[in-house]
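Asks: What follows is the residue order along each chain.
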Amino acid sequence: MNGATIDILYFARVAELTGTRSESWSLADGNPITGTQLLSQLQQRYPGLAPTDRLKLAVNQYHVRHDQAIKAGDEVALFDPVTGG
Amino acid sequence: MNGATIDILYFARVAELTGTRSESWSLADGNPITGTQLLSQLQQRYPGLAPTDRLKLAVNQYHVRHDQAIKAGDEVALFDPVTGG
Amino acid sequence: MPELPTCVIAVQTHDFDYGALYDELRRSCAGQAGAIVCFAGLVRDFAPGQDTDSLYLEHYPGMCERELQAIADEAFQRWAVQACRIVHRVGELARGDQIVFAGVASAHRGDAFQAAQFIMDALKTRAPFWKRETLRSGERLWVEARDSDQVQAQQWDTARPSAG
Amino acid sequence: MPELPTCVIAVQTHDFDYGALYDELRRSCAGQAGAIVCFAGLVRDFAPGQDTDSLYLEHYPGMCERELQAIADEAFQRWAVQACRIVHRVGELARGDQIVFAGVASAHRGDAFQAAQFIMDALKTRAPFWKRETLRSGERLWVEARDSDQVQAQQWDTARPSAG
Chain A
1 MNGATIDILY FARVAELTGT RSESWSLADG NPITGTQLLS QLQQRYPGLA PTDRLKLAVN
61 QYHVRHDQAI KAGDEVALFD PVTGG
Chain B
86 MNGATIDILY FARVAELTGT RSESWSLADG NPITGTQLLS QLQQRYPGLA PTDRLKLAVN
146 QYHVRHDQAI KAGDEVALFD PVTGG
Chain C
171 MPELPTCVIA VQTHDFDYGA LYDELRRSCA GQAGAIVCFA GLVRDFAPGQ DTDSLYLEHY
231 PGMCERELQA IADEAFQRWA VQACRIVHRV GELARGDQIV FAGVASAHRG DAFQAAQFIM
291 DALKTRAPFW KRETLRSGER LWVEARDSDQ VQAQQWDTAR PSAG
Chain D
335 MPELPTCVIA VQTHDFDYGA LYDELRRSCA GQAGAIVCFA GLVRDFAPGQ DTDSLYLEHY
395 PGMCERELQA IADEAFQRWA VQACRIVHRV GELARGDQIV FAGVASAHRG DAFQAAQFIM
455 DALKTRAPFW KRETLRSGER LWVEARDSDQ VQAQQWDTAR PSAG
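These protein sequence lines map, in sequence, to chains A, B, C and D. Number 41 in the numbering used here belongs to position 41 of the first sequence; there are no gaps in the numbering. Number 155 in the numbering used here belongs to position 70 of the second sequence; there are no gaps in the numbering. Number 261 in the numbering used here belongs to position 91 of the third sequence; there are no gaps in the numbering. Number 379 in the numbering used here belongs to position 45 of the fourth sequence; there are no gaps in the numbering.
Chain A with its partners taken away, still in its complex shape (with noise of 0.2 Å):
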């Protein structure tokens, strides 16, 4: 299990719900997840972030979809669909 771990990176208006703007995540047996299994143990964790169809994932600053494989070291940001520009 040691080193089984993501980081996991909250963004605006998720930073807020969650109270926190990162953390460490461990992996049930250090195996991959993916980004909707990830998003449903958030959710347990932080109930505000429903419903979180909307939500955008990012693994290692790539966007990527909910379906993604997500790996011990990765970089992951959950965030809002983006308002630049």
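Fair warning: there could be bad hints in the mix.
[Stated by the list, open to error] Only some residues are given here: those of chain D computed to face chain A with a beta carbon under 10 Å:
(1) Ala-461
(2) Trp-476
(3) Val-477
The hints are simulated quantities; they were obtained by calculation from the structure and are not laboratory data. Every residue gets a Cβ at the ideal spot worked out from N, C-alpha and C, and that includes glycine.
Chain A is fixed; fit chains B, C and D onto it per the hints.
Replies: Using the frame of chain A, we list chains B, C and D on its own:
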């Protein structure tokens, strides 16, 4: 006949062909003519204008088609397709 | 949008200050404009291996200003423009010189982009300016109008129904 | 066009000088560029009767720069771009302030207009920035993404075959 004239302006390559930038042109019997008729008369005086199909006409500073009627007192301009910008 | 704006138009021999023109557009609608698009046309090499030494721009005084105003008015009818500026230079220009400026301020970027592009496409085919190139070889030639400019300008006619 | 250009990208808290950015674009391709299109996005009133007092821009450092570079690279693949600059501000901004700059230099105006518009449409839907408005009433709200921006960005996907 007195005053039954139009002013003709020539621009760019067309002014080089006619050798002048403007002239007063008498209308036969003072009657209006079409652009096509005027172009035909001008081509007799300035053979280098041929072919006249591609030349553009403006009457009183508005683009017009060759079948536009031209009457005494009009300001007529003759030029190549524009190339500004 | 209380009323249609007016477009400030200049036809001049002297150079223009692109940044200053942008600043004026921005100042004239502070707090309202969300998007400003500015275009500059520059003198570039005429063709590979045929270097342009200089460019002479002739125009039809009076009709130029009227036609540019008409083009801007048409843009105002079609898109939500808050402010507009068009500057076109005439006379002798050198390689790299600025020729033309068209700037549009709007609430949204779509309007600003479309209006600016429409203005340039219409200017290219309707505003009575003519370019004469002088190549490094000394050869002088009047630039010929390009069919692609006509095609480009005509696309706005067919786009009319959905563009409002 | 010997090789693809690189896009100079900056994400910064301080303001930018629109005119100076244009001058740099122009200088970097003097004699080659015939067209430069620059876009500025500004802080404007949020809604009628709901005056924006200030805007806070949060971003994802690192991913922002990478995503903007990817967007510019995609533009270079699709259009003949000679030089490009993108600047995006973050942090606290006031009404009327400049938010974003995108400038493109090209031989022809069609490429410059299309590349600049593509960059802005892609930036709006892909670059990880988030706006929080503070209204005069004191109310704070995270701006919601607009469906129209998604639609606008997707039009470039369908335009792909003919746009090259």
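Asks: Now look at each hint and say whether the structure bears it out.
Replies: Verification of the hints:
Using the Cβ-Cβ criterion of 10 Å, the hint placing Ala-461(D) at the interface with chain A is satisfied: the shortest such distance is roughly 5 Å. Satisfaction of the interface hint for Trp-476(D) is found here, the shortest Cβ-Cβ separation to chain A being roughly 4 Å, below the 10 Å cut-off. Look at Val-477(D): its Cβ gets to within about 4 Å of chain A, closer than 10 Å, so that hint holds up.
Checked against the numbered hints given earlier, the structure satisfies every one of them.
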